[in-house]
Amino acid sequence: MKLSTRALYRLGAVAVILAAAWILVPRFGTESNLINLLRQAFLLALVATGVSLSMLVAGLDLSIGAVAALSSCLAATVIVQGHVVLGVFVGLAVGALGGLMNGVMIAKLKLPFFIMTFSMMFIVRGLALTYTQGTSIHGFPASFTWLGKSFVGPIPMPVVVGAAVLGLLHLVLTKTTFGRITYAVGANAEAARFSGLAADRNIIHVYALSGLLASLSGLIYIARLNAADADLGMMWPLEGIAVAVIGGIAFSGGEGNILGLVLGGIVMAVVGNCVNLLGLPARFQDFFIGFVIILAVLIDHLTQKRGKVAR
Amino acid sequence: MPRLAARLASVVSGPIIICLGMIGVFSLLSENFFSLSNAVNIIRQASVLALVAFGQTFVILLAGIDLSVGAVMGLTSCVTATLMLKAHLAPVLAAAVGVGVAALCGLVNGLVHSFLGLNPFVPTFGMWGMALGAALIITEERVLTGFPATLRVLHDGELLGLPAPLLLVAAVLLVLHTFLKATPQGIATYAIGGNEGAAHLSGIRVRLHKSLIYAFSGFMAGLAGVLFLARSNAAQAIDTIGYEFDSIAAVVVGGTSLMGGKGGVAQTLVGVTLIAMLRNGLNMVGVNLYLQLVFIGVVLILAYVTENQNLVEFLRDLKRRLFGAPASTEEA
Amino acid sequence: MAEPFLRVESVSKSFPGVTALHQVDFDLRAGEVHVLIGENGAGKSTLIKLLSGVYPKDGGRFLLDGQDVSIASVRAAQDLGVATIYQEMNLIPELTVAQNILLGREPRRVGGLLVDTEAARRRSATLLASLGQHLDPDAQVKTLSVPQQQMVEVAKALSMEARIVIFDEPTGTLAEKETAALFATIRLLKQQGMGIIYISHRLEEIREIGDRVTVLRDGHLIGTRAVAEVTVDDLIQMMVGRELKDQFPRHRRPPGEVALEIRNLSLQGALHDVSLTVHRGEIVGLSGLVGSGRTALARVIFGIDRPDSGEIRVFGKPVRMDSPLTATKLGLAFLTEDRKALGLFQIRPVSDNIILAAIQRLFPRFWIDAGRERAVAQEFVTRLRIQTPNLSQLVQNLSGGNQQKVVLAKWLATHAKLFILDEPTRGIDVGAKLEIHRLMDELVAQGTPIVMISSEMPEILGMSDRIYVMRDGRIGGEFTHHEASQERILKCAVGG
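Going down the list, the protein sequences come from chains A, B and C.
Going by the working numbering, 102 is the number at position 102 of the first sequence; the sequence numbering is gapless.
Going by the working numbering, 130 is the number at position 130 of the second sequence; the sequence numbering is gapless.
Going by the working numbering, 138 is the number at position 138 of the third sequence; the sequence numbering is gapless.
Watch out, some of these pointers could steer you wrong.
Stated by the list, open to error - As a list, the in silico SDA-like pairs of lysine to any residue whose alpha-carbon atoms are at most 20 Å apart:
1. LYS417/C x LYS340/C
2. LYS149/A x SER136/A
3. LYS181/B x SER130/C
4. LYS417/C x ARG193/A
5. LYS177/C x SER130/C
6. LYS175/A x ARG361/C
7. LYS181/B x THR143/C
8. LYS110/A x SER323/C
9. LYS149/A x GLN40/A
10. LYS108/A x ILE301/B
11. LYS340/C x ALA189/A
12. LYS108/A x ARG313/C
13. LYS175/A x HIS205/A
Unchecked claim - Example chain A residues on the side facing chain C (calculated, C-beta under 8 Å, incomplete):
14. GLU31
15. THR176
16. THR177
17. ASN188
18. ALA191
19. ARG193
These aren't lab readings, by the way, just hints derived from the structure by calculation.
For glycine and all other residues, C-beta sits at the position ideal for the given N, C-alpha and C.
Please build the complete structure, drawing on both the sequences and the hints.
In structure tokens form, the structure reads like this:
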């Protein structure tokens with residue numbers, strides 16, 4: 001895989017961070033800690049996939065957390081009754097449907113993405129909460145919880161699933177016409193239309209995919225927690241944006257890749273992990289994350305691709 | 001006379017109609033809704049959002065955005081509470097420092113955006129994290145209480161029978177509205193948002209102006225934080241998270257354009273009222289707390305559409321796009 | 001006769017690959033209207049932009065009242081008293097007339113805190129009245145018509161106490177009555193002692209409003225005359241009098257079947273009853289002045305804009321061109337005038353840009369074979385001689401000429417059956433120009449027709465088999481390659 005200079009810088013920076021953590025932070029390098037770190041990193045990266053896709057087309061999907069909550073609660077109801085496969089299917093379908101609605105309103109009706117996904121966030125979250133009335137659904141069969149709790153050798157299943165999904169997404173983005181058109185639409189939607197590409201249809205697909213990925217992340221989370229709550233994913237939009245931005249995905253669209261996402265996930269996870277291990281209260285995490293975000297973007301800005309335009 | 005009628009017609013926007021509609025519906029469904037005490041209630045609840053949304057209005061008028069306000073609000077309230085508890089600073093002084101810190105955060109946002117050329121999403125989002133983190137650090141993730149109640153007058157107090165928050169918001173609204181419409185700097189704000197190049201050519205110092213506007217947004221967030229502190233009588237870092245999105249929604253729903261150059265604080269007040277009234281009304285009518293969120297989402301979309309597009313055209317467009325247009329080519 | 005207060009001495013300006021102005025002399029007297037004419041690309045815009053401080057000059061001097069001045073920025077130009085009124089308005093649409101006129105210089109009250117709206121209103125009204133206009137100072141600029149907005153710009157110039165007012169093609173969008181009103185205003189400005197530089201293509205207007213006229217051609221000064229002493233034919237001769245070397249690679253062949261037929265196409269404000277035909281194997285040139293409707297026509301043909309009435313037939317079959325998607329499916333290709341904004345994906349690599357338009361044809365099964373992608377991209381890079389270090393170079397790093405070749409490659413990759421090229425060689429160096437012309441000839445040899453919009457007379461005459469001249473949204477005339485000449489085309493374009 002050919003890496004651009006920026007990707008190399010990013011990789012280098014992450015390596016430095018990891019090395020620093022290894023040396024300076026006690027118990028960082030232990031196997032159990034690294035496994036935790038890995039799990040957290042991939043979970044974060046997975047959550048960020050939907051947001052990243054919508055950012056690639058110069059949009060933003062704020063509804064991912066809410067969609068994950070609704071879809072996993074609905075799926076949970078089916079799963080507790082033993083129908084695992086059906087439940088998973090229901091969850092994914094609901095997520096895709098929610099994303100589809102976002103996409104249609106944004107691409108075809110020209111509703112600003114902010115208004116649409118923001119309102120969707122309220123609507124979907126409200127539906128999820130109404131559905132569960134604040135209670136949680138728990139008690140999943142082992143055939144489902146293995147998704148979140150089992151291991152492949154020393155590697156936690158979420159990492160395996162996460163890696164598989166991210167890998168698949170990488171292939172889709174780099175090797176399929178859909179992925180290529182997505183980058184084109186993000187780079188210059190007008191030029192895409194003028195070149196005879198179905199830009200609107202692409203945008204709809206992107207948001208539908210975002211919803212699907214959100215519900216997938218939701219399923220993995222509830223498998224791990226063995227409980228589904230309607231307040232799942234409250235902070236996901238913000239966490240997702242953080243991972244994406246650190247990973248080099250630009251708000252302006254058309255830039256970024258999956259490797260960046262993984263690195264972003266790793267950075268976020270490392271910061272949280274170190275804060276924990278150093279005995280610093282969790283609150284320092286947010287501060288450092290904010291700092292890292294600005295730093296990451298500054299680095300990108302200095303090695304930038306396009307001239308910056310105020311929003 | 002026709003000019004007055006025309007101006008009235010342009011002022012009565014979609015969101016205002018929705019507000020009036022809501023008043024009608026809720027009054028019918030709940031006998032307690034249309035009462036003075038309830039109105040006072042709504043005002044008290046809306047006042048914090050109003051202050052934040054006013055600041056956000058300025059930034060959006062520049063075609064920018066401020067994602068940090070929720071966290072900055074929290075930072076102010078935590079700083080103020082801490083200063084009162086630990087440093088035993090007089091409440092007013094503590095509040096002043098808190099607001100000053102908020103303004104400083106805003107200034108950093110503005111400088112990074114204007115002078116380094118970064119998309120405003122970025123510095124304000126990073127600031128969000130840093131402000132939240134700082135607030136958590138200062139409070140050691142605890143809830144702070146037990147400080148002098150002097151500031152509570154901002155929320156509980158009354159003057160001439162009118163609740164203090166109302167007076168505060170009204171006063172701020174008056175000052176800001178005058179600023180935007182009647183001062184050179186206010187006009188410059190619209191100019192920059194409307195056509196930055198033309199504004200620059202007219203001698204306006206665009207970058208400086210933008211930086212100061214972001215500082216102002218921080219300032220208003222600080223003010224809102226102080227009012228929030230007065231209302232909740234406790235300071236916790238995460239309490240105010242969410243206001244950033246609510247403030248943006250209120251501004252946009254009220255009719256200020258995300259593209260900049262169009263809108264104002266009066267319109268934002270309508271947006272704030274709409275959201276607050278909706279929440280209050282749904283409560284009164286006994287709608288499930290959770291279901292309320294669904295209503296809010298739908299109304300937001302509706303308000304945006306009615307403000308920015310002709311509803312009839314929108315529905316016609318919707319129908320055409322969802323159910324297809326006639327065959328595009330006859331033969332290919 | 002007063003002495004000129006502004007002198008432009010031997011001023012030159014070059015851009016990468018092209019010399020826009022070469023040692024041009026110009027001067028301006030108080031109270032005169034000095035008209036600047038020349039074909040597209042003659043250098044008029046460049047001269048104006050130098051005077052307005054948009055670009056720095058490369059050589060020569062500007063003398064104002066005998067003093068050597070440097071016009072380093074737009075603000076500096078304004079301080080020197082230069083006001084420029086462009087075709088694209090520099091106004092803030094949501095603000096009022098008064099606010100726009102006095103932006104940045106508003107009268108104050110209450111110790112300088114508030115704007116004295118009453119005073120602003122009065123001052124704007126006064127300024128507008130001095131131009132013979134009575135617009136409502138409180139009207140929002142976005143509600144005004146274009147000529148009214150123009151007046152606001154002029155009033156703004158007055159408020160800045162300009163000594164030199166430059167009008168860049170002001171009558172392009174104006175009707176007759178409005179033009180008369182503009183001229184009345186300009187006469188008022190003359191009386192107030194301002195020097196006015198007026199750029200226009202409309203030669204008949206020049207006699208009405210101008211005192212002197214300067215003709216530029218290919219960046220050189222051809223001559224300055226008093227308007228009273230020249231005829232329109234003289235001016236045309238000065239504008240085009242160049243030697244046409246036969247350096248266009250064309251192999252003429254008899255035209256084939258009808259590929260594209262346009263019948264009575266109309267679009268409010270842009271096109272009026274336009275009809276034309278394009279045959280296989282030919283290059284149809286579309287000539288005309290800026291604003292005559294050529295690009296508007298191209299946009300309708302390609303499905304970007306929908307016409308109010310009329311018919312389009314592609315290879316004999318009537319079609320409803322409702323989007324670029326439809327157009328490309330039918331085998332059309334459109335190389336836009338603004339390649340940066342609409343033709344390229346700047347931050348994407350060369351290979352991407354080349355294959356994107358054809359992506360569904362090349363990879364119908366969703367999967368992109370990297371080898372094939374590279375091969376196709378390389379084939380075009382070689383064939384078009386695109387200068388790039390490698391295929392993954394971002395397109396924004398390429399020179400203008402090479403960027404244009406990438407756009408051409410993009411469309412060639414789609415195996416389109418009809419090409420519309422809008423200013424295909426604008427801003428490109430001579431070598432690249434020749435290559436693109438050669439490619440066009442090859443394309444046509446294979447039977448693929450080309451509609452070529454061009455403002456470069458040599459190109460129009462050298463490359464086209466037939467030429468349509470547009471004027472004010474209509475077809476003003478049609479010439480075959482043999483009938484056409486520079487004078488005939490220009491005369492048709494200006495309506496002389």
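Going down the list of hints, with the structure as the test:
1. LYS417/C x LYS340/C: violated, 24 Å
2. LYS149/A x SER136/A: holds, 19 Å
3. LYS181/B x SER130/C: Violated. LYS181/B to SER130/C sits at ~27 Å, over the 20 Å cutoff.
4. LYS417/C x ARG193/A: At roughly 19 Å apart (the allowed maximum being 20 Å), ARG193/A and LYS417/C satisfy the hint.
5. LYS177/C x SER130/C: holds, 19 Å
6. LYS175/A x ARG361/C: holds, 15 Å
7. LYS181/B x THR143/C: holds, 19 Å
8. LYS110/A x SER323/C: holds, 17 Å
9. LYS149/A x GLN40/A: holds, 13 Å
10. LYS108/A x ILE301/B: holds, 15 Å
11. LYS340/C x ALA189/A: holds, 13 Å
12. LYS108/A x ARG313/C: violated, 28 Å
13. LYS175/A x HIS205/A: holds, 17 Å
14. GLU31: violated, 38 Å
15. THR176: Holds: closest Cβ of chain C sits about 5 Å from THR176/A, inside 8 Å.
16. THR177: holds, 5 Å
17. ASN188: holds, 5 Å
18. ALA191: holds, 5 Å
19. ARG193: Since the shortest Cβ distance to chain C is 6 Å, the answer is holds.
The structure fails to meet hints 1, 3, 12, 14 from the earlier list, while all remaining hints are met.
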